[in-house]
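Participant: Protein chains in written order, with my numbering: chain A, -9 to 190; chain B, -9 to 190; chain C, -9 to 190.
Accuracy of the hints is not assured; some may be wrong.
Heads up, the list lumps identical chains together, so a pair's fine if it works in one copy or across two of them.
What the hints assert, rightly or not - Heads up, simulated SDA-like pairs for lysine to any residue below, C-alpha to C-alpha not over 25 angstroms straight-line: (1) K15 with H183; (2) K15 with I182; (3) K15 with V67; (4) K15 with P130; (5) K15 with L184; (6) K15 with N127; (7) K15 with L121; (8) K15 with R72; (9) K15 with I120; (10) K15 with R69; (11) K15 with P185; (12) K15 with E128; (13) K15 with I178; (14) K15 with A68; (15) K15 with V124; (16) K15 with P75; (17) K15 with A56; (18) K15 with G134; (19) K15 with F66; (20) K15 with V129; (21) K15 with C126; (22) K15 with F78.
No lab work stands behind these hints, which were simulated from the structure alone.
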Amino acid sequence: MTPEVIGFAAVAVCAVTGVLEAGRKPMDLFGVVVIALVAALGGGTLRDLLLDRRVFWVADHRLLVAALGAGLVTFFVARLVRVPPRLFLVPDALGLALFTILGTRIALELDTHWLVATLMGVITGVFGGILRDVLCNEVPLVFGGELYATAAWSGALLLVALRAQGVEGPWLQGLPMTTVFLLRMAGIHWRIHLPSFAMR
Amino acid sequence: MTPEVIGFAAVAVCAVTGVLEAGRKPMDLFGVVVIALVAALGGGTLRDLLLDRRVFWVADHRLLVAALGAGLVTFFVARLVRVPPRLFLVPDALGLALFTILGTRIALELDTHWLVATLMGVITGVFGGILRDVLCNEVPLVFGGELYATAAWSGALLLVALRAQGVEGPWLQGLPMTTVFLLRMAGIHWRIHLPSFAMR
Amino acid sequence: MTPEVIGFAAVAVCAVTGVLEAGRKPMDLFGVVVIALVAALGGGTLRDLLLDRRVFWVADHRLLVAALGAGLVTFFVARLVRVPPRLFLVPDALGLALFTILGTRIALELDTHWLVATLMGVITGVFGGILRDVLCNEVPLVFGGELYATAAWSGALLLVALRAQGVEGPWLQGLPMTTVFLLRMAGIHWRIHLPSFAMR
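Given only the sequences and the hints, what does the whole structure look like? Please build it.
Facilitator: Rendered as structure tokens:
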């Protein structure tokens, strides 16, 4: 998987989550398309602005086309086939895994400090979903607990550690991605929450 | 109309809409000024960040002065003369038309892909109004239907098509601007909505 | 006080306000850390994007570490010692003063027009707090009246005036900072509000 392939996969998967969430609201086609674009492009856009790179979908319009295409196909499929609401959590976890590792890798390649790079990964992974949920008037998944940002950050840290050990090839990205995805799925399945504190 | 004149007109007209909307809320003068600035400068600022240009009002402070001036004048006029609430839709449609065509044109001149350029036009046209409505705790006009973003996108596509045909001079911008404005006005007058879909 | 020292102090103080506000909400540790980071880094990040500088905490990761450290220390202290809720207004006013003057100064050094520079100062000073309050579902302090943005803007204008008079050394920044802090404190103490207008 080259970074380019990961980028297309992440954009498409996140556009799908946008349509699945927006499609349940009273919205016209335009609204659904906007939510799909925001979910697919939001995280990477913020990363590129913060890292002072060219915004990825301005530099390569095929990613915008991919987001539009995946969104429209999902829209028409979802009108024909009944999609169980919770199914939407699977592409969302996949998008989280793909975008987090891609974002961390891009930041590392620009010689960003490793701590900043893992934060860039988390931002890339979670920000599109936050915007999607806010526009759909839902509590963002990232604030709902259940190992969301924690899963993303663990994967980003693993990527940094593997890279520091000189690991290369498919393992370097495959292992952290799998970690993010499985941690998030485990968090949903067993309802694992970070401890909640209250001040006195 | 040079791009510079269009820019000043768009900024002033959008500052007016900000004051007209904010002035109906329990807000102090500072709040009204902030909303006017956000409405006038928000869309173009996001466009410039995405295109990696210098932010237009940082590069030319006269646009900031124009937004402030138009906002303050509107504020004092609106306290003397009763303004019918729906009148605010006219400068809003004008601002949409001016900013959309200006944004598309700026993006095209940077050799952006035409699909990305039309999206930049729509973003320039609608984003200031979205921020204004969110800060005023109103549902953004763009999500209320009635050919808002659709009108903007049609005009942006028309500009791209005219340019590809080699059209130049005043028609190149005048025709798409008129299209956006009239489509939006028609949408309000005949309450034209995009079809609304619901998933199963 | 060099700009570097001011930057660290501002980041730390704003992280403290984030924890003090977020810690009163039902949030897990991750949520509290996010709010602390957003409060500490949000204003400067927007300033750097608008001025097309490298984002300060991407350029120097020690500021990110400072925000994290100040946030975590506050978190554990606040669980042991009871903090009166209104105490949070003091570090908030301090952060406003530090960030406003730092932001104005950075903008002036980039040869930005003085009016734009003072606006950059106000943005640096207030934006982190706006994001913090929105994420905590509170009305942003800046919209609550009581000389918030007005205090910041007065200090920024004073810095511009002193600089134009050729003032240098510690007074150049110390005087405007003290002005912002005292105006804000006076605003809270005597509940000074800007006049509120309503349109007919």
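Participant: Is it within a copy, between copies, both, or neither that the alpha carbon of K15 lies no farther than 25 angstroms from that of N127?
Facilitator: Both: 10 angstroms inside a chain and 20 angstroms across chains, each within 25 angstroms.
Participant: At 25 angstroms max between alpha carbons, let me know whether K15 reaches V124 within a copy, between copies, both or neither.
Facilitator: Both: 13 angstroms inside a chain and 19 angstroms across chains, each within 25 angstroms.
Participant: Evaluate K15 and A56 at a C-alpha cut-off of 25 angstroms and name the case that applies: within, between, both or neither.
Facilitator: For K15 and A56, only the intra-copy Cα distance (23 angstroms) is at most 25 angstroms; the inter-copy one is 40 angstroms.
Participant: Should K15 paired with I120 be assigned to within, between, both, or neither, using CA atoms and 25 angstroms as the limit?
Facilitator: both (17 angstroms within a copy, 19 angstroms between copies)
Participant: I want to check one pair: K15 and V129. Are their C-alpha atoms no more than 25 angstroms apart within a copy, between two copies, both, or neither?
Facilitator: both (14 angstroms within a copy, 15 angstroms between copies)
Participant: Cα distance capped at 25 angstroms. Does K15 pair with E128 within a copy, between copies, both, or neither?
Facilitator: both (11 angstroms within a copy, 18 angstroms between copies)
Participant: Measure nothing new, just compare the shortest in-copy and cross-copy C-alpha distances for K15 and L121 to 25 angstroms and report within, between, both or neither.
Facilitator: Intra 15 angstroms, inter 21 angstroms, cutoff 25 angstroms: intra and inter.
Participant: At most 25 angstroms between C-alpha atoms: does K15 with P130 qualify within a copy, between copies, both, or neither?
Facilitator: both (16 angstroms within a copy, 16 angstroms between copies)
Participant: Cα distance capped at 25 angstroms. Does K15 pair with C126 within a copy, between copies, both, or neither?
Facilitator: Intra 7 angstroms, inter 23 angstroms, cutoff 25 angstroms: intra and inter.
Participant: Given identical chains, is K15 near L184, meaning Cα to Cα at most 25 angstroms, within a copy, between copies, both, or neither?
Facilitator: between (30 angstroms within a copy, 15 angstroms between copies)
Participant: Is it within, between, both or neither when you check K15 against F78 at 25 angstroms Cα-Cα?
Facilitator: For K15 and F78, only the intra-copy Cα distance (14 angstroms) is at most 25 angstroms; the inter-copy one is 28 angstroms.
Participant: Is the C-alpha distance from K15 to A68 at most 25 angstroms within one copy, between copies, in both cases, or in neither?
Facilitator: within (13 angstroms within a copy, 37 angstroms between copies)
No hint from the list above goes unmet by this structure.
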